[in-house]
Amino acid sequence: MKVALRMRRVRFWWYMAGGAVLLAGFAAVGLYRGSVALEPADVAAVLATRLLPGDYGAADPRVETIVWSLRAPRVVVAAMVGGCLALAGAQMQGLFRNPLASPGIVGTSTGAAVGAVFALTFGLAGAFALVAPLFAVGGALLSLLIVTRIATRDGYTPVTTLLLAGVALNALLAAVNSWLIARSWEQYEAARQIAFWMMGGVADRGWLHVGMLAPGMVAGCLVAAWFARDLDLLLEGEEVAASLGVDVARAKRAVLWSAAILTGSAVAVSGVVGFVGLVVPHLVRLLLGPAHRRLLPAAFLTGAWFVVGADLLARTLAAPRELFLGVVTAFVGAPFFLYLLVRHEKEVAVSR
Amino acid sequence: MNGGVERSGRWLLRGVDLVVEPATLTSVVGPNGAGKSTLLKLLSGAWRLTEGRALLGGVDLARMPRRQAARQVAYVPQSVRPTFEFTVREFVTLGRYPHESRLFGTRSADRGWIDHCLDDSDVRSLADRRVTTLSGGELQRVLMARCLATEAEILLLDEPTSNLDLAHGLDLLGLARRLVDEGRSVVLVLHDLNGAARFADRVAVLDAGALVAEGPPTDVLTPELLLRVFHVRAVPLVGAASPVFDFEPLR
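Taken in order, these protein sequences are the chains called A and B. If you want the working numbering, it's the position in the first sequence, counting the first as 1, plus 50. If you want the working numbering, it's the position in the second sequence, counting the first as 1, plus 375.
Treat the hints as calculated values from the structure; they're not laboratory data. All residues carry an ideal CB built from backbone N, CA and C; glycine is no exception. Certain hints may be false.
Covered by chain A, according to a simulated footprint, are these stretches of chain B (three or more residues, beta-carbon under 8 Å) [as the list claims (entries may be wrong)]:
1) 411-422
2) 427-439
3) 459-466
Bound-form chain A, shown alone (with noise of 0.2 Å):
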């Protein structure tokens, strides 16, 4: 009788398992892998003296630097970063019950790195370390408030309007980045990181950057952990979650602003690492079912697994140079779309 039920609950936990497999595995390669060889035993060497108690046989300071400074943040900047787009896709699709919707595709990636970049071009960021990322969660929040009010009418989201509101949106907030990136041309280093910010990646990322995403993280996470079930009710729509229960304007709010701290928390560490939030919440949809309860934290794991991944690939398809992070994301991200793209269509197509 439970059998479907059953099987989707029994599948979460065998999910869960591979992907922190995945994860652990990515990561391990990750922190193996990379411009110096190293040796596994000291690899773990390395990664026992600082995690457990006790001495395991330091490593050469060397390696210990290499692995524990270098790459050790950057693959944990990578699961963060991965995590958090993934469960902020995940919640604006149902969000705008729209399963084309993401950071990437609506223009909340892009707020936020406009954010930041203003952060930095007029020297804000220098301040302390959060300043880039509050930036980058207001950007975040301007911009999805901006394509809710275009895009929605009367609780609903149409596909082609919130595509083209995004596309519109993309293409004014890059123009006011190239404005402030002209701006500063003479300060190089800002030319640099807002360079780097457009392109999107998790080189040279540090313990700094680990500590400047995991505010926002947490508390994305939590918002979003509490209202996962309403975000269930919202998928029926505004007056069905309405005469069920659910407080629609609180919970909009709420969801809104979760998905804009991830967006920005995590934009403004690695820059626009785009189709993270868009692939990885149907894929999971997929196997899982739309509830969002096993569908958040699920999303959030594969995000993490995927993007540590994706960087992996990134530091070692073109080897010894580094292709940006984003780019790899795009040759996957990009194909599977416009699949989806096509198949709405068709679907549009049957039901008329």
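Use these hints to put chain B onto chain A, whose structure you have.
Just chain B now, kept in the frame of chain A:
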């Protein structure tokens, strides 16, 4: 409820004064665009009144926490195709939302109750199907099960029979009748005037956003009123227990 609602500068309903008595089956009838669905949205609390108030057990619905209201009033909209692939059981469980705890979700007692609701609307065999694959009639019965899952005392059903074949339509009206006999109140929008006359205790007639008549079917459904509101000539069939009409167009 007493009042009206304005949306985008147009009054969808105005000056409507309606009381839903306990343990009665009220049928809302009226031509297209009369405001029938709007009335249900107002009664459910999903929409707020622009003027006037909707009271639930003496408390203003607009001031009541949504979850508390949802435990007392359930609403089934005109069926819309779901786009997200919940299973029927998951879909019906959405109706438990006002009883769920935020931390622990549904409990085993909830699950037993869901089974009961699935049986009541005859959709137990569909429990593992995805809602996106259901036929219109199946979906309507699943919506009914979700409505029952809330345990609400007042059920608001918007055209519940429009997608059902004759037998399932009668089954559904029979279920509504049984729920009323058990002490609940049901308000349903119907296009079938004869069905309304046969199953309902009271009939509310809406026309152009106003309540033009309300009362027992025999008093309300008269040939004069039907001519005025629906623009049809109604010929009563003699010998039936409730008013039954044969309809002829005016032209």
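Each hint, compared with the structure:
no.	hint	result
1	411-422	holds (count 5)
2	427-439	violated (count 0)
3	459-466	holds (count 6)
In this structure, only the earlier hint numbered 2 is contradicted, and the remaining ones agree with it.
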